[in-house]
Amino acid sequence: MTTLTRRQFLTKTSMAASAVGVAASCGVHASVADAASRSPNEELRVAVVGLNGRGRSHIDGFSKASGSNVVAFCDADKSVLEKHASNFDSGRSTKLKRFADYREMLEDDEIDVIAIATPNHWHSLMTIDACVAGKHVYVEKPVCHSVWEGRKMIEAMQKYNRIVGAGFQNRSDTGLRAAIPWIQDGNLGKITAVRGLCNRNRNSIGVTSTPTRPPAELDYDLWLGPAADQPIYRPQIHYDWHWDWNTGNGDMGNQGPHEMDLVQWVLGDPGHPVSVRSIGGRFAWNDGGNTPNMQVATFDFGNGIPVVFEVRNIHNKERVGQFKDGPSVGIVVTCEEGEYRGGRGGGAVYDKSGKKIKDFKGDSGSKHMSYFTQAVRANDPGKVRSTLESAFHSSCMSHLANISVRTGEGIHAAEVVDRVGDDAATREVIERFSTQLSHLNVDFAKTPWRVGTALTFDAATERFTAGDNASKANDLLKRDYRSPFIIPDSI
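Read in order, the letters of the sequence shown correspond to residues -30 to -1, 1 to 461 in mature numbering (1 follows the signal peptide of the UniProt record, and there is no 0).
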């Protein structure tokens, strides 16, 4: 099988993209595969890209989703591709198409939808290329690896008239779809504060003394794509890319976007915050990761409702220092007359005395992918439960928080509370973090906190405009892309 260069791929799709533009100007949503013009009664042909982790959920979800048929797998790791394709093909008369290079997959006119479950650093470029090739896209969270490239995804979706949905399945959870409008209707009075919680029991990823060599079955150049070619000092290439800024976004950008999305949703989807501040560090572990395993961020949306978000992914089954009046993973919406505590699968309402007064049972968004396929078959973006725009803003909350902490200053633990000043919400979280870290006998002298300054963000320009580290922060809004895997300035 011939491997395409990006230039060859774009050349071959440019004529198709022009045809899409002509058709769109006539009010027709055409594509290379002409997916949108097919009968709503015809099944959508879905290709899943990235087969480990969430990819398995995509395979299962789109296999069960109404009106869709999984017809192709794509993965840069041949052993992973063969394993999952062989398992899927077992007992089936029609065999899957198999691709190592997604660009060859995008040339296939018998594929309508691309489901992207790759590492984060691939989400944007792959979505953009799929839109250019006339495919509809379902992409995992965070939808982008940086703020700038997320905006380019939206531009591509709009220019090529594609339907792009995101893997924020909470937007389809029946309990949350009942609870959030109920809160917004004022049944507990006005919202006064929102807290996001992300507590995951994870362990160290380990460290190697010499750079890890990719497995022979992995096309490492293709796996790396737009990311920098840097040595990796962790034993496992797959999954643990989450904890490396080059390819992932830490747990603030892994699990965090789901709860950020709930914050956005309950506040009426306000978009970007006007300011952000984050403090964090990587404690207890001497390993190959460089993202925080303890992090708190505060957001100001200019609406008078403070938002505080805390992430910890150090193993903590005893819940030492964990916020007690809320879910391990979810949100707490405090209102004048009580609060809602919940997340995926639903939640409950408590009065001001702490007595539970109402339940909202959910289904964890089990039909989320079906709603997406229904939107594509109807050629109606309005039917998408998690739109690219809302997913972009939720993802960007994670990115802005991470930028704040990455541009922050290393501060000794004894000085952190003083540096926080009169920010009572952040101080309270830091004190609980410290309780857990002391329980783990962490030597704070060896691992300082990284304390970000408050950064002012302009939603119109998507640039930082004020703050001690605003210039450094702006440098992190866009990554340096490794040739030839470059997102162009003009889509």
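Hints may contain errors.
Keeping only pairs whose Cα atoms sit at most 25 angstroms apart, straight-line, the calculated DSS-like set for lysine-lysine is [unchecked claim]:
id	residue 1	residue 2
1	Lys129	Lys326
2	Lys322	Lys294
3	Lys331	Lys160
4	Lys160	Lys325
5	Lys328	Lys160
6	Lys34	Lys53
7	Lys337	Lys325
8	Lys160	Lys326
9	Lys294	Lys331
10	Lys353	Lys337
11	Lys160	Lys322
12	Lys129	Lys328
13	Lys34	Lys325
14	Lys294	Lys337
15	Lys326	Lys294
16	Lys65	Lys53
17	Lys34	Lys67
Now the in silico label distances, taken between C-beta atoms and shown as ranges [said to hold, decoys possible]:
id	residue 1	residue 2	range
18	Pro205	Gly159	48 to 54 angstroms
19	Pro151	Ala440	35 to 41 angstroms
20	Ala415	Glu306	15 to 21 angstroms
Hints in this document: simulated from the structure, not taken from any laboratory.
C-beta atoms are modelled at their ideal positions from N, C-alpha and C, and glycine is treated no differently.
Status of each hint after checking the structure:
no.: 1; hint: Lys129 with Lys326; verdict: violated (48 angstroms)
no.: 2; hint: Lys322 with Lys294; verdict: holds (16 angstroms)
no.: 3; hint: Lys331 with Lys160; verdict: holds (23 angstroms)
no.: 4; hint: Lys160 with Lys325; verdict: holds (19 angstroms)
no.: 5; hint: Lys328 with Lys160; verdict: holds (18 angstroms)
no.: 6; hint: Lys34 with Lys53; verdict: holds (20 angstroms)
no.: 7; hint: Lys337 with Lys325; verdict: violated (32 angstroms)
no.: 8; hint: Lys160 with Lys326; verdict: holds (19 angstroms)
no.: 9; hint: Lys294 with Lys331; verdict: holds (21 angstroms)
no.: 10; hint: Lys353 with Lys337; verdict: holds (13 angstroms)
no.: 11; hint: Lys160 with Lys322; verdict: holds (13 angstroms)
no.: 12; hint: Lys129 with Lys328; verdict: violated (45 angstroms)
no.: 13; hint: Lys34 with Lys325; verdict: violated (40 angstroms)
no.: 14; hint: Lys294 with Lys337; verdict: violated (31 angstroms)
no.: 15; hint: Lys326 with Lys294; verdict: holds (15 angstroms)
no.: 16; hint: Lys65 with Lys53; verdict: holds (14 angstroms)
no.: 17; hint: Lys34 with Lys67; verdict: holds (19 angstroms)
no.: 18; hint: Pro205 with Gly159: 48 to 54 angstroms; verdict: holds (52 angstroms)
no.: 19; hint: Pro151 with Ala440: 35 to 41 angstroms; verdict: holds (37 angstroms)
no.: 20; hint: Ala415 with Glu306: 15 to 21 angstroms; verdict: violated (44 angstroms)
In terms of the numbered hints stated before, the structure departs from hints 1, 7, 12, 13, 14 and 20, listed from lowest to highest.
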